[in-house]
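Colleague: If you want the building blocks of each chain, they are given just below.
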Amino acid sequence: MNMTRRTSGTTIAAHAVLIGYTLIALFPVFVILINSFKTRKAIFREPLALPDADSFSMIGYETVMKQGDFFLYFQNSMIVTIVSLTLILLFGAMAAYALAEYRFKGNTLMGLYLALGIMIPIRIGTVAILEMMVSSGLVNTLTALILVYTAQGLPLAVFILSTFMKGVSDDLKNAGRIDGLSEYKIFFRLVLPLVRPAMATVAVFNMIPIWNDLWFPLILAPAEEVKTLTLGSQVFIGQFVTDWNAVLSALSMAILPVMILYVIFSRQLIRGITSGAVK
Amino acid sequence: MTALKLENVNKSFGPVHVLKDISLTVEKGEFVVFVGPSGCGKSTLLRVIAGLEDASSGTITIGDDVVNAVPPAKRGIAMVFQSYALYPHLSVKDNMSLGLKQEGQPKSVIAERVSKASKMLELEQYLPRRPAELSGGQRQRVAIGRAIVREPKLFLFDEPLSNLDAALRMNTRVEIAALHRTLSASMIYVTHDQIEAMTLADKIVVLRDGRVEQVGSPMDLYNNPANRFVAGFLGSPSMNFLERSVPGLAAGQTLGIRPEHLALRADGQISGEVTHVERLGGDTNLLVSTDQGEILTVRLFGQNDTDVGAHIQLGFDPEMAFRFDQSDNRILPLAA
Ligand SMILES: Nc1ncnc2c1ncn2[C@@H]1O[C@H](COP(=O)(O)OP(=O)(O)OP(=O)(O)O)[C@@H](O)[C@H]1O
Ligand SMILES: [Mg+2]
Chain A
5 MNMTRRTSGT TIAAHAVLIG YTLIALFPVF VILINSFKTR KAIFREPLAL PDADSFSMIG
65 YETVMKQGDF FLYFQNSMIV TIVSLTLILL FGAMAAYALA EYRFKGNTLM GLYLALGIMI
125 PIRIGTVAIL EMMVSSGLVN TLTALILVYT AQGLPLAVFI LSTFMKGVSD DLKNAGRIDG
185 LSEYKIFFRL VLPLVRPAMA TVAVFNMIPI WNDLWFPLIL APAEEVKTLT LGSQVFIGQF
245 VTDWNAVLSA LSMAILPVMI LYVIFSRQLI RGITSGAVK
Chain B
60 MTALKLENVN KSFGPVHVLK DISLTVEKGE FVVFVGPSGC GKSTLLRVIA GLEDASSGTI
120 TIGDDVVNAV PPAKRGIAMV FQSYALYPHL SVKDNMSLGL KQEGQPKSVI AERVSKASKM
180 LELEQYLPRR PAELSGGQRQ RVAIGRAIVR EPKLFLFDEP LSNLDAALRM NTRVEIAALH
240 RTLSASMIYV THDQIEAMTL ADKIVVLRDG RVEQVGSPMD LYNNPANRFV AGFLGSPSMN
300 FLERSVPGLA AGQTLGIRPE HLALRADGQI SGEVTHVERL GGDTNLLVST DQGEILTVRL
360 FGQNDTDVGA HIQLGFDPEM AFRFDQSDNR ILPLAA
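Chains A and B, in that order, give the protein sequences. According to my numbering, the first sequence is numbered sequentially starting from 5. According to my numbering, the second sequence is numbered sequentially starting from 60.
With the rest of the complex left out, here is chain B (with noise of 0.2 Å):
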């Protein structure tokens, strides 16, 4: 059963062409990530699917109906914003009821709801203060709650935790992790964080510039990436793309590396110089200038105690590497 299937939608601001033919569908209980850089259109997207905007074109079906003239409130979705957008006049009870009431549900229903909601964010202390009363932490959780008290059949979020501290953000993926199995709703997650999709995602939807670059399961973008774009963006540090510095490359490949698949071999093919150590205690990063003159990152687990200044052999097995042609795409190895 989908939850959501969009059919080539496209959505224009004016002469400006924001979204680009985009198709994909999204399963019941799916967690589902938008990610791609500022710009590409990922809020765009979710606010075509919540209503917000109107497609200029193509079919968005949500359950079994095609909602594309169905007003927000009536589409069975909820959305959290980046900015909370909690009503700042009404107290966090109220913040959290005012769409049920709407609605017209029975005073009887909308607080089973509202306490069943704030007992799992932990809110119930909160209940009757207002929104400027709480810390930013807390104002996310509002947000989360005022979605969930509609039980809606696909949650929106659009970079839920981009205003939360580290520490913070850590936590409420947890949450949103441990929401998602409790309520196992389908849910739509958008982000630029690629820690968050990594971590979040049972499936992963890579935009540019508006169109869809590969979707699949994070492992699956991981390992196989489509194209250059999409091997760049995902993995952290990310991946190395070296023209010049290893032997046998046809002109204009390029060969990309992840930083953990590089080691120090005395009998490696690449050599520079390294120019720079972050030591992370279980990790050690070493930036590297080959001697053709292109920069690369290594990964090396553990302690390491190579220094700047040292030269150094590096060695990596072919079969973890990719290469990608002049159009960045890969090009998959023949025998496989």
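So that you can see chain A by itself, here it is in the shape it has in the complex (with noise of 0.2 Å):
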């Protein structure tokens, strides 16, 4: 009795903390949401107050849906993001199972080499990069972008996805073996559907940063036809005004994308399959 009481007080605060810390996070969100639904006057004279049938206002979305192209780089955005995370899941995952699942000459070395990418940001070689993307003729392409991307996201995943690769049951993938299946066949359906939960935190990981930065597709890809989102939002913060209703407009926009692509992570996150696998 004593005991589920405690429990339960402990369940109580467990919820009081996540609530509190939830609130907290959401808070910033909660209010670009509100004052982009405001007129600006409302915004400055009470920023935390609801839009009511005197603020309301949709001035900052048809201001962005006036500057044209904002689809175009809401669609840039997307391109670069999700090609990103494909070829970070799938190279790194690749590389994480060869490092895990076979004993060649150099095998913790290269595991070393490719967790190097963790320590050292990748931002050091903006020139290099720069350089390199002129030489080769990709300044200005969102494979530039994609590319960078994917060289930073790809340390970090091939160090969590070599971890939980390790931990898959080496009967199961030898029962695969025995039953002919082909070592790709063995990654692709046997290996990759039980580390599922490792993709998805990979994934959310990555998402984030990518369709957040600033700093690359200034530098790499300033032009207008491959501006990202993040990019294209610029033109309403000027040196002297700023356009704030269009500015909190866009962003809300730019908020639901990467939370519809979290929503359908974190699913994968909960369901676990393993159960029933092996003992």
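For the record, the hints were derived by calculation from the structure and aren't laboratory data. On a predicted model such as this, the values are computed, not experimentally measured, just so you know. Heads up, some of the hints might be wrong.
[Claimed, not checked] Computed Cβ-Cβ distance ranges for the label pairs, DEER-style:
id : chain 1 : residue 1 : chain 2 : residue 2 : range
1  : A       : 25        : B       : 184       : 46 to 52 Å
2  : B       : 240       : A       : 264       : 55 to 61 Å
3  : A       : 171       : B       : 192       : 20 to 26 Å
[Claimed, not checked] To give an idea of the interface, some chain A residues facing chain B are shown, with a C-beta separation under 8 Å as derived from the structure:
id : residue
4  : 170
5  : 173
6  : 175
7  : 176
8  : 178
9  : 182
10 : 183
11 : 184
12 : 185
13 : 194
14 : 197
15 : 201
[As the list claims (entries may be wrong)] List time: in silico DSS-like cross-link candidates among lysine-lysine, alpha-carbon distance up to 27 Å:
id : chain 1 : residue 1 : chain 2 : residue 2
16 : B       : 79        : A       : 109
17 : B       : 212       : B       : 175
18 : A       : 189       : B       : 160
19 : B       : 87        : A       : 189
20 : A       : 189       : B       : 133
21 : B       : 166       : A       : 189
22 : B       : 87        : B       : 133
23 : B       : 262       : B       : 87
24 : A       : 189       : B       : 212
25 : A       : 109       : A       : 45
26 : A       : 45        : A       : 70
Note that the Cβ used here is the ideal one computed from N, Cα and C, for glycine as well.
Assemble the dimeric complex from its two separately framed chains, guided by the hints.
Modeller: Take a look at the structure:
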């Protein structure tokens, strides 16, 4: 009895902490959302008030839509994020599998080399990357961004995934070999489904920095037709005047796709199909 | 006709020499059990036979073919793993048919073999389920079913019963024996449970430290162990080894007597005090500390009212005792 009461006490405390954290984390998002539906005056008069009949305005969204290129930016961001994530997951998982599964000379060394990127920020190499992109003619293309983000995401992906792949039962892979599955089929059909939660983690970790990045789009792909959403929104931020309605509306819309992707990935995190595989 | 022949097989993992010069044959239809303590290389040997590990040297012949360079799927073997290793995302039916699909068997053949195997193992009602929805014993049967449908030349079992509880283990043991009779297939079975070894095997291979210690039928090994290790490993409770309690032994020699060959006798040569009694109903086990300070186990048939603390005399038939020299090898009686 005492025991149950104490556990329900800790449950309440844990929930209080989590709810508190959620409120703090969501507050800025909430402020952006409500203010994106208000007139400029109302934003500055009462930033925390909900939009009412008086202060409600869609002017921000109208500006963003009229800017015309917004959908192009949006599309660019989507392409860059999704292609980069796909490449990170595919190559990261394959490299991780090789490191975890096969004994070959220099395995450990290779692992360390691939993990090195976790400690060295890729931005240190910006100048060299820019030179490389210029000489290969990739400046102002989405390919440039995709390549850079893939390189940026791979080290952590390899590191996390190889740890998880070492945990996949050897017997299961061996059963596949005896049943005549090729190494590729074992990788895609047996191992990948079992490390899906880890893949989702890696995807979530990589998705948001890529979506939000301003640095590389600004340096490698500033041209109008390849601008990403983050970079595109900058037109509303001026040195002297900032169109806050437009900025807030653009940001509100930028949240949506990441949120959808996040929901998709986090489902994978929760779904566990490993139970019953072994033991 | 031999189903499997190993000649001087060695296996090293880097500097660790795990299998040392293993040579043995498995006849067609034979049930061979590998026993040995944990870490002696039983699983490694099985994996080398299956082709999951390459032998460092030596030849492996399955049927008539040298298979050193043949991938596992083409060796004509099937393996049942200790951890079942069922594919978690496939139904029982798909688990069983995957190997056949990979071989490119026609659908009708696959359906027929799966239904035959599932009937044999009483798995029919579970065919659409996923492994997670089965009990441990059912999963084990699915794993066995997955091996059966491939109709292999050689079955390999790696401790298939060690995750089951005692009652189920007994049942499954009987089922495996029945399976062996029905299929009359060659089987290799790894275990460290000597009861499984004694009850299932046509031939037992005792391994220690990556070496074959002795090969023979269960009764052969029980009656004629080649050395102290084999003598101590088979039989339960295990054999008593005495150095001091029996008069007439040369220095360094050891006398081995099985607990069931000791008897309470007033004129017995060994005297000691009972320190513990286990009454099992059918048997009574006594733990005795001899006057010379050695501990031994006595197995008395039926029920016995000897109590802890009693002073007893034990006798044995010298014919039933084994002598071992300093290096633990058996000293055979001169006149036999
Ligand atoms: N991949 C490996 N690399 C290095 N050493 C290994 C490897 N696999 C096995 N070994 C070693 O080989 C020895 C034999 O292992 P194995 O798994 O064959 O033992 P076993 O007889 O099956 O034991 P158990 O009864 O506990 O299953 C062990 O000492 C183990 O440490
Ligand atoms: Mg083993």
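Colleague: Compare the structure with each hint and give your call.
Modeller: For each hint, the structure was consulted:
For the pair residue 25(A) and residue 184(B), the supplied restraint of 46 to 52 Å holds, since their beta-carbon distance comes to about 48 Å. Residue 240(B) and residue 264(A) have their C-beta atoms about 60 Å apart, which keeps the hinted 55 to 61 Å range intact. A C-beta distance of roughly 23 Å is found between residue 171(A) and residue 192(B), which places it inside the suggested range of 20 to 26 Å. For residue 170(A), the interface hint is violated, since its Cβ never comes within 8 Å of a Cβ in chain B; the closest pair sits about 16 Å apart.
The interface hint given for residue 173(A) holds, since its Cβ lies 6 Å from the closest Cβ of chain B, which is under the 8 Å cut-off. Contact between residue 175(A) and chain B, as hinted, is supported at the beta carbon level, the nearest pair being about 4 Å apart and thus within 8 Å. Taking 8 Å as the C-beta cut-off, the interface hint given for residue 176(A) holds, the closest approach to chain B being about 5 Å. At about 5 Å, the closest approach between the beta carbon of residue 178(A) and any beta carbon in chain B falls short of 8 Å, and the interface hint on this residue holds.
Because the closest C-beta pair between residue 182(A) and chain B is about 5 Å apart, less than 8 Å, the hint holds. With its C-beta approaching chain B no nearer than about 4 Å, residue 183(A) sits inside the 8 Å limit, and its interface hint holds. This hint holds: residue 184(A) has a C-beta 3 Å from the nearest C-beta of chain B, less than the 8 Å allowed. The interface hint given for residue 185(A) is met, as the beta carbon of that residue sits about 6 Å from the closest beta carbon of chain B, less than 8 Å.
A cut of 8 Å between beta carbons decides the hint on residue 194(A): the least distance to chain B is about 7 Å, and the hint holds. The closest approach between the C-beta of residue 197(A) and any C-beta of chain B is roughly 5 Å, which is under the 8 Å cut-off, so the hint is satisfied. With a least beta-carbon distance of about 13 Å to chain B, the hint placing residue 201(A) at the interface is violated under the 8 Å criterion. About 24 Å separates the Cα atoms of residue 79(B) and residue 109(A), which keeps this hinted pair within 27 Å; it holds.
For the hint linking residue 212(B) to residue 175(B), the alpha-carbon distance of about 18 Å falls within 27 Å, and the restraint holds. Annotation: proposed proximity of residue 189(A) to residue 160(B) holds, straight-line Cα distance about 13 Å (limit 27 Å). A C-alpha spacing of about 33 Å is found between residue 87(B) and residue 189(A), which places the hinted pair above 27 Å, so the restraint is violated. Only pairs whose Cα atoms come within 27 Å are accepted, and residue 189(A) paired with residue 133(B) is accepted, the gap being roughly 17 Å.
Simply put, residue 166(B) and residue 189(A) have alpha-carbon atoms about 21 Å apart, close enough for the 27 Å limit, and the pair holds. Restraint check for residue 87(B) and residue 133(B): the C-alpha separation of about 19 Å stays at or below 27 Å, so the hint holds. Straight-line distance between C-alpha atoms of residue 262(B) and residue 87(B) comes to about 12 Å, which keeps the hinted pair within the 27 Å bound. The hinted pair formed by residue 189(A) and residue 212(B) meets the criterion: a straight-line CA distance of about 25 Å does not exceed 27 Å.
For the suggested pair residue 109(A) and residue 45(A), the alpha carbons sit about 67 Å apart, so the restraint of at most 27 Å is broken. For the proposed pair residue 45(A) and residue 70(A), the alpha carbon gap of about 21 Å is at most 27 Å, so the pair holds.
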